[in-house]
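A.B. asks: Those protein sequences? They're chains A and B, same order as listed. For the first sequence, the numbering used here assigns the number 1 to the initial residue and increments by one for each residue that follows. For the second sequence, the numbering used here assigns the number 1 to the initial residue and increments by one for each residue that follows.
You may find that some hints are simply not true.
Some chain A residues close to chain B (C-beta under 7 Å, calculated; not the full set) [stated by the list, open to error]: (1) ILE263; (2) GLY264; (3) ALA265; (4) GLY266; (5) VAL271; (6) ASN275; (7) GLN278; (8) GLY301; (9) PHE302; (10) GLY305; (11) VAL314; (12) CYS316; (13) VAL350; (14) MET354; (15) MET357.
Hints are computed from structural coordinates only; laboratory data are not their basis. Quick reminder that beta carbons are idealized off the backbone N, C-alpha and C, glycines included.
This is what each chain is made of:
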Amino acid sequence: MSGVAVQRRHRIQLPQPKKIGPSQNPVVHLDPFLLLIPPVIAIFGVIMVYSSSKSRLTSQGVDPQFYLKRQAIFLVVGVILMVVMTLVDYRVLRDRPALLYGIVLLGLGLVLTPLGAQKRGIQAWYEIGSFQLQPSEFAKLGLVLVLAAYCHEHKGHLDAWRLGVTFVLAATPIFILYLQPDLGTSIVLTVMVFFLLLVAGASPKHLFVIALLGISSFFVIVKADLLADYQVARLTTFVDQGQPKDAQAKSAAYNLEQSKIAIGAGGIDGVGYGNGSQTNLSLVPEQHTDFIFTAVAEQFGFRGGAVLLGLYTVLCFRLWRAARVAADLFGALICVGVMAMIAFQVFQNVGMTMGIMPITGIPLPWMSYGGSSVIVSFASIGIVVNIASRRFAQAGGTTRAPGPSRQPRGSPAR
Amino acid sequence: MVGLVVLALFGALLARLWFLTVAGHETYVAQAQQNGVRVAFTQPQRGIIWDRDGKPLVRNTTTFRATVSRGITAEQRHQVLVRLSDVIGVPKSDLERRMNSADNSPLLAAPVWDEVPETAVTYIAEHAEEFPGVEVAPFSTRVYPYGSAAAHVLGYVGSMNDKEYETRGAGDEPDYQLGDDIGKDGVESFYDAELRGSHGVESLRVDAAGRVLDTLGSQPAVPGNNLELTIDLDLQRFAEQTLADGLALQRLQPVLDRKTDEPLGHNFLAPAGAVVVMDVDTGAILATASNPTYQPEAFIGGIPADVYQQLNDKATYFPLLNRVTQGLYAPGSTFKAVTAFAISDAGVLAYPWEEILDDKGFRKFGLEGQQTTYRNFESIPGGQVQLARALQISNDVYFYDMAWRIVQLPKDLNDTVVLDDMAIQQTARRLGFDEPTGIDLAGERGGRVPDREWLEQVNKKDPVAFPYNIWLGGYTITLSVGQGDLLATPLQLATAYAAIGNGGFKVTPHVVHRIVSPQNTVVREIAPAPVDVGLDPEIRDIVMRGLSDAVMTDDGTGFKAFEGFDLGRLPIAGKTGTAETCTACEPQNTAVFTALVPANDPKYVVTVFIEKGDTGGSTAAPIAREIIEFLYCTGGAAAIRQPDPLGLDQQVTIGCPPLVAVPAAAPPGSDIPAFEEIEPGSTNAGVIPVDGTGALVPGLPPPASNAPGTGVTTPDSTASPRRRRSRGRRPSRDAQTRRADEPCAAGCGP
């Protein structure tokens, strides 16, 4: 499929060699920030995964570099995937939204069958050799692509009916995620979809209704005991920090308490790489995955944490810029979706470690240990780089090109 | 707009990061430093308890105890228990029962098994990740090498429950930590502060999983002090066995009708009994048995609720109850010796106290027309009786008459007593009734001596059970023979008789001889000073004569039980008691016998109580006799018993081996036959040296030349004096301690 797209691109580009204006060669327009920041964060992530897991692994008598090695593999695979996604014209992705959506649903659905593996009561993984594949991570990107393609197809004219369709498109995978149960990822998806629709041109009135529906259904879910005890405990711990009521709440409060101690103990400069009692005594649970930020803050202090947050901020602004300059609505919406995904995950994850967001199992992009998250994050960036680099490329590229480029309603330009 | 949102979000994160890392830095650093530190208390070794010869009655052994944290989920706990049951090799239900034992602290990790085999300990340590929340730590438990021997003296040990924890200052005292074992009965409880030692404190650096990384500082645990008891293990075990056999034997006897002597078709119940052997001069207790008894071992590692219930149940006659200090009985005729002193104190009997009464078997008291008849036991007429004779044949009417005289002591016009019509009560209290004797065992009871105030009090409190509040003369009359509302523990009776035996000193009974530090230095000697209660020495002589005659003359009430006993060489004074627990019901009585040996200068008091037995002379006295034989016989024949109590019919009275007589001059002025000084081998307190005239000289070590007199001597005089004594005088101790079911082979006795 991609081979066909490449051929067509050449056919389109060749007749206009003398066109005045920016070069149509996408390589010229590669965004160095978008290309360099994720690998830098990911390398830092590998280093931090090692420091936060080695003492625990040592005391268990396992190879202390176990997570280090695996995360390094994920990094390499992720970078390769990013490069691949950068090179292939992103517009091939908008051709088969139904197929893509089918894959997303199938991946999410099959994991609930005995094909999927269970870990700590959550059915969210496929065991592939010694690796686990987490389809919900891929679903994030998949849903962004599907919704972007749908909005693109309707040129951003999202009336109530179409908004309803997008709502169903988004709600189905979110519901499957809730069954796993993976509360964190479903929240990420919800926020992402919301942003995407906002930018795609949905009327604020309709979005307000959807938001209202979402919030009220959330309360119904909590009140009607549809959430597991630990999920409620995590949410309420965030509300009443310091006064745990039962065992579940105690465990959630313990996580938060240890996390805050680790961050606070870092001070301005941190205690230095490889030091830190909270890290070395394995006092922060899940430190190499969801609570990796505590290792950064304890060892590198406020400065380290601020630099990392700064990197994410720059990255988000470059993603936003890519959305604004994208050649078509499809590309713009992908950029918005990816930005929302990254920004919300960072805010939720880092906020959770500092007690300003509830505890949910959302990874910090490129930092947290976990292959699926790293690979999907790299792939997403690859697509965005691709979009940004092809901003001067001729529209079209597929048979279903939406005609002359026009600014969609609610586009970032406004 | 969206850019602003992103900026705001990241700005919030940065602000929060600043707040935590810079503003809150000091707080969190302090918490972080504390975080990985855990203060662990190490259990001290509990003190060992020896008998008077240094045989360990209780010692410690170290086992591995597995605990499961209460912080893990139910599912995890289930998995952990399944794996533990696999590794330890016991059913999961056993682990669960241990885990749910009632005296586990709800705040600490729950113990699941107390004896984890070492292979399992290693396995669990190597596979820690398979056992989340499981901790296996060495743990010291009690071992009872002699099973139930002296169970009521030792008491038992168990986890401190919440109530006990609160009474101990709720942890203000660092030596009492939640989950600690504490003594719960007997000396384990009474001397808990001595036995327990103090906790060691270790400050450890641990990781989140509780794995110890290093030790920051430690203070070792200080082991508890050891106790050396006054109990003689061999005598103790013999007394327990004899009591058990005596009860078994009594249960084979049919109950006869009071009047017709026809069998009523069932046997005596004889469910329980008590024995105490005490040194009359010091109050040191050599043996004390209470039956039914229990295995203190059952309490190790938490006793299951149903087992505990069984030990505390009416149907099993409360095996946990120490009847010696907690059993309340009417002492019956044994109380007459107390009344004897009272009638002299009240002045109702005049010097020389030899007034003779003519007893026809009953006597009527009271005003003309509303008289009450008081009868002798089974209405047997006593004939011409004076005080000593009344004790000898246990004549009731004599004491009724004396009590009636006390009742009739002059009163003033307002019916207010001006003279001591409560003389018996006062004398009883002087001799230690109505209040705990102060023995160093937990839970002693004080009994009851009824008097006017008491009656008014209970009438006010419970008018249904006690409808009258006027003290009637009849109450004094029944009190004079140890019946009515009088209640005493066997130990109180023994203490009263000890005072009679030693010439008027009330001793404080005690079971601990001394407290010895782990370094083997004596911390404290338990030697409570006897209190002079002022017994009239002339009445005392008469009482002693009466008590001697009761055993040593053929019409004495205790004579039959001592038939064949060489009373010529070991004179014995004693008093039988047969307390009717109710007048209307069938004749199953509290059978009591208390003896003072030797009669001419009592050294020991031996008191036996049997519930629902026959008479004191027939049920209790034979048991006392066997114990006295064991106490004084140098041979071991008496200790060897046939396994089946049913086969004991003809063997109940095992004669003392012949003693080697040494001519000794009779103490001047004594009509008690002289006897050779037989030294009770089981006790160093029983050393009775003889001076040149043969008189007794207490408090001096025995001259070596005295040893041949006992007919046995051993060459191992290099051993410590105490050891030498105990071995020298009891050469066949080994034979005696042989298991009871071992038949007496040739040579097991001398």
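A.B. asks: Go through the numbered hints given earlier and state which of them the structure violates, listing their numbers in rising order.
C.D. replies: 5, 6, 11, 15
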